[in-house]
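Those protein sequence lines, which keep their order, are chains R and U.
Position one of the first sequence corresponds to residue 4 (my numbering), numbered consecutively onward.
Position one of the second sequence corresponds to residue 12 (my numbering), numbered consecutively onward.
Think of the hints as simulated: they come from the structure by calculation, not from any bench.
Check the hints yourself; a few may be wrong.
[To be verified] Which residues of chain U face chain R? A partial, calculated answer using Cβ under 10 Å: (1) Asn-96; (2) Thr-104; (3) Thr-166.
No residue lacks a Cβ here, since even glycine has one placed at the ideal position from N, Cα and C.
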Amino acid sequence: MSPTTPPLPDAAVPPPADTGTAPLATGPDENRGQGILREIMSSSWVVTTLAIVLALVISGVLIAAADQEVQDAAVYFFARPADFFSAAWDAVSSAYVALFQGAVFDPTAATFAKAIKPLTETLTVSTPLILAGLGLGIGFRAGLFNIGAQGQIILGAVFAGYIGFTFDLPFPLHLLLAVIGAAIGGGMWAGIAGVLKARTGAHEVIVTIMLNSIAVYLIAYLLTTTPFQNPGSSNPISPPIPESAQYPLLLGDQFRLHAGFIVAILAAVFVWWLMGRSTIGFKWRAVGSNPHAARTAGISVNSAYIWVMVTAGALAGLAGSAQVLGTDKVLTADVAASFGFDAITVALLGRSKPLGTFMAGILFGALRAGGFAMQARTGTPIDIVLVVQSLVVLFIAAPPLVRAVFRLPAPGARRPRTPRSSTKEVAA
Amino acid sequence: MNKIIRVAALSGAVALALAACGSAPEDEATTPSSSAEPSTSASAGAVDYKACMVSDSGGFEDKSFNQSGAEGLDRAGSELGVTVNKVESTAATDFTPNIEQLLADKCNLIIGVGFLLEDPIQAAAVANPDVDFGLVDSSFSDPGATKNDPPVPVTLENGKPLLFNTQEAAFLAGYVAAGTSATGTVATFGGIQIPSVSIFMDGFADGVAQYNKDFSKTVKVLGWNKDQQKGSFTGDFEDQSKGQNIAKGFIDQGADVIMPVAGPVGLGAAAAAKDAGDVMIVGVDADWYNTAPDYKSIVLTSVIKEIGQSVFDTVDQASKGSFSSEPYVGTLENKGIDIAPFHDLDSKVPAEVKTKVEELKQQIISGELKVESPSQN
Numbered sequence: 004m005s006p007t008t009p010p011l012p013d014a015a016v017p018p019p020a021d022t023g024t025a026p027l028a029t030g031p032d033e034n035r036g037q038g039i040l041r042e043i044m045s046s047s048w049v050v051t052t053l054a055i056v057l058a059l060v061i062s063g064v065l066i067a068a069a070d071q072e073v074q075d076a077a078v079y080f081f082a083r084p085a086d087f088f089s090a091a092w093d094a095v096s097s098a099y100v101a102l103f104q105g106a107v108f109d110p111t112a113a114t115f116a117k118a119i120k121p122l123t124e125t126l127t128v129s130t131p132l133i134l135a136g137l138g139l140g141i142g143f144r145a146g147l148f149n150i151g152a153q154g155q156i157i158l159g160a161v162f163a164g165y166i167g168f169t170f171d172l173p174f175p176l177h178l179l180l181a182v183i184g185a186a187i188g189g190g191m192w193a194g195i196a197g198v199l200k201a202r203t204g205a206h207e208v209i210v211t212i213m214l215n216s217i218a219v220y221l222i223a224y225l226l227t228t229t230p231f232q233n234p235g236s237s238n239p240i241s242p243p244i245p246e247s248a249q250y251p252l253l254l255g256d257q258f259r260l261h262a263g264f265i266v267a268i269l270a271a272v273f274v275w276w277l278m279g280r281s282t283i284g285f286k287w288r289a290v291g292s293n294p295h296a297a298r299t300a301g302i303s304v305n306s307a308y309i310w311v312m313v314t315a316g317a318l319a320g321l322a323g324s325a326q327v328l329g330t331d332k333v334l335t336a337d338v339a340a341s342f343g344f345d346a347i348t349v350a351l352l353g354r355s356k357p358l359g360t361f362m363a364g365i366l367f368g369a370l371r372a373g374g375f376a377m378q379a380r381t382g383t384p385i386d387i388v389l390v391v392q393s394l395v396v397l398f399i400a401a402p403p404l405v406r407a408v409f410r411l412p413a414p415g416a417r418r419p420r421t422p423r424s425s426t427k428e429v430a431a
Numbered sequence: 012m013n014k015i016i017r018v019a020a021l022s023g024a025v026a027l028a029l030a031a032c033g034s035a036p037e038d039e040a041t042t043p044s045s046s047a048e049p050s051t052s053a054s055a056g057a058v059d060y061k062a063c064m065v066s067d068s069g070g071f072e073d074k075s076f077n078q079s080g081a082e083g084l085d086r087a088g089s090e091l092g093v094t095v096n097k098v099e100s101t102a103a104t105d106f107t108p109n110i111e112q113l114l115a116d117k118c119n120l121i122i123g124v125g126f127l128l129e130d131p132i133q134a135a136a137v138a139n140p141d142v143d144f145g146l147v148d149s150s151f152s153d154p155g156a157t158k159n160d161p162p163v164p165v166t167l168e169n170g171k172p173l174l175f176n177t178q179e180a181a182f183l184a185g186y187v188a189a190g191t192s193a194t195g196t197v198a199t200f201g202g203i204q205i206p207s208v209s210i211f212m213d214g215f216a217d218g219v220a221q222y223n224k225d226f227s228k229t230v231k232v233l234g235w236n237k238d239q240q241k242g243s244f245t246g247d248f249e250d251q252s253k254g255q256n257i258a259k260g261f262i263d264q265g266a267d268v269i270m271p272v273a274g275p276v277g278l279g280a281a282a283a284a285k286d287a288g289d290v291m292i293v294g295v296d297a298d299w300y301n302t303a304p305d306y307k308s309i310v311l312t313s314v315i316k317e318i319g320q321s322v323f324d325t326v327d328q329a330s331k332g333s334f335s336s337e338p339y340v341g342t343l344e345n346k347g348i349d350i351a352p353f354h355d356l357d358s359k360v361p362a363e364v365k366t367k368v369e370e371l372k373q374q375i376i377s378g379e380l381k382v383e384s385p386s387q388n
């Protein structure tokens with residue numbers, strides 16, 4: 004196969020008659036799962052944008068409902084409805100203004116540096132989401148629904164952290180080793196799921212979920228052992244990462260933005276090349292489109308499964324390195340926060356494409372960074388921010404719902420009544 | 012059309028009926044559009060002082076130390092008239108951004124709840140010398156000279172650690188538990204093995220040992236070995252069913268007094284104890300007789316840790332301009348820690364144990380008896 008990729012053979016190749024060698028899991032169920040994945044990925048930008056808008060509108064209702072003043076005004080709604088609406092408007096607008104000020108630009112800040120700090124915070128928070136999301140996107144396009152980014156981030160962080168605080172090495176070398184360690188840690192953890200899938204047909208969803216649990220308790224255990232603790236302390240927190248293993252700060256001491264963000268950009272470019280321009284990426288996409296056809300075409304589906312998982316895990320491991328070597332500078336039990344799960348949303352929202360994932364990661368970083376300001380300045384519960392994120396997922400996962408709400412036509416649907424309906428639309 | 016008119020008429024009637032239900036407040040002036048303000052409780056004549064708090068990842072409704080801290084801050088808000096602002100963290104990655112936001116909100120005092128906030132609070136305190144900081148359950152330290160050296164304790168001009176000699180009260184609770192046990196077996200377990208949890212278990216085990224010494228008995232402690240610093244933990248502070256299972260295991264091994272040091276998980280243990288019939292519970296953090304009234308018939312005593320009071324006192328001093336970086340240490344002496352009364356189970360505790368506990372308490376207060384724990388700060 005040449006590096007310049009011809010269009011995928013999609014459904015042109017019929018499934019092979021001989022399925023005797025196929026792993027157990029490639030049954031009709033899996034094909035249906037892939038169908039759903041494909042539908043989510045093929046939904047248009049319009050639907051994605053409208054899903055976000057819809058999520059913000061519904062969240063606005065929740066913000067108003069959670070606000071004390073709105074609740075007070077609701078008691079006498081019928082006596083003076085204006086109070087209720089102005090309170091609701093105040094609550095929602097001030098919450099979203101705080102969200103914007105916490106995520107993008109804060110005109111109320113004293114200095115210019117403080118005013119643009121929110122934007123750099125957004126980029127800092129989005130770094131692990133982008134990295135892990137890119138990895139998950141590769142898996143989704145190869146037909147693997149990898150839920151295991153959480154565990155892979157943890158393992159990446161454990162490896163990066165251990166190399167970081169145990170060894171004494173000069174600056175670029177130490178950082179490089181720690182970063183490579185993170186990629187190996189994450190890749191190895193995901194590779195387990197890949198090998199099990201390839202060799203035994205064990206479903207990757209179940210295996211990766213279980214590996215997440217194992218990783219969570221593994222790091223909790225490791226942090227109770229002496230090599231991972233500060234000397235003379237029994238707190239489950241590692242020694243600090245020395246400067247020689249830290250990602251350098253990009254904009255000076257005032258900002259937390261670190262070189263991990265550059266790694267995320269490079270990773271996005273790499274994934275774009277890998278999946279869009281390389282032979283390997285072509286094979287992986289072929290496996291994702293139709294494993295039977297890919298096998299007939301001479302592609303080793305099993306080895307694709309393993310290497311897709313290893314690559315995805317390595318990227319998630321890098322996300323772990325961004326946390327432990329860049330943002331936190333110390334290893335704790337919740338180093339992965341909920342990045343691994345948020346990254347699933349990021350990858351789906353970005354329709355598994357590198358640029359889309361990158362933008363979706365920044366959107367989620369903004370929601371998170373803005374959430375802090377929303378909570379501190381307006382008293383909006385942090386849970387509401389999580390609800391916004393969840394609503395985005397909900398609507399992304401249900402394109403027909405969004406299309407129904409906004410009366411959009413289904414993609415690819417034939418329109419038998421073309422002349423009449425178009426005139427009707429013009430009239431309306 | 013007809014239908015629309017009917018619906019309109021009906022809704023109009025309903026609106027009129029409902030309008031009679033609630034009446035709008037008259038004084039418009041006192042309700043400015045202040046929803047942009049955080050959940051403040053600034054009363055009239057409020058002090059121009061803002062006290063703020065960052066939770067750890069447990070959140071302010073953890074029925075444990077975050078909640079106690081938040082209650083202390085809220086009380087300071089209503090009683091002292093200071094403005095308060097609380098922000099919750101959902102993970103360790105949230106600490107620094109949350110502290111940043113509170114700094115931007117112009118807080119005069121920022122209190123971090125839990126040892127996990129040590130580094131973020133310390134960094135913020137160094138960078139913002141004109142803001143005061145408090146830290147619950149941990150003191151401040153710098154990393155050692157080399158990575159093999161233990162951290163060096165440091166004193167920050169504007170940082171106040173709020174610490175508790177919890178082991179002293181847990182010691183008395185262990186003594187009572189051993190003295191009240193009919194089976195000669197008592198038990199304890201924790202949520203996660205961290206110093207602020209194991210300090211309870213150390214004191215409890217020492218108290219049982221002291222009882223064995225005083226009365227030449229051999230009461231056994233299940234779930235914790237102080238020398239090895241190893242024992243039973245459920246692995247989180249959330250899952251009550253784990254608390255129930257672990258307590259059942261202890262009850263099967265004959266334990267009849269259990270001290271769960273695991274926040275809400277302990278309620279699972281209380282449920283198991285209640286099912287078993289004659290098993291008693293030692294509460295932690297607050298007096299469970301009051302905070303867990305469902306189980307008041309089986310609460311023998313509780314190890315009380317007054318985080319709320321310590322937060323209140325810190326805000327009180329700081330808002331009056333007398334903030335000091337001197338650590339607050341809760342002891343039996345200043346009632347920062349204590350054991351709760353025996354309430355309904357008073358008759359079950361032998362009289363000689365009661366006298367002895369009172370004696371020991373005085374000895375600890377006077378410094379004659381030292382109760383120590385490796386988890387002590």
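(Q) Name the hints, by number, that the structure is in violation of. (A) Going through the list in order, the structure violates hint 3 alone and respects the others.
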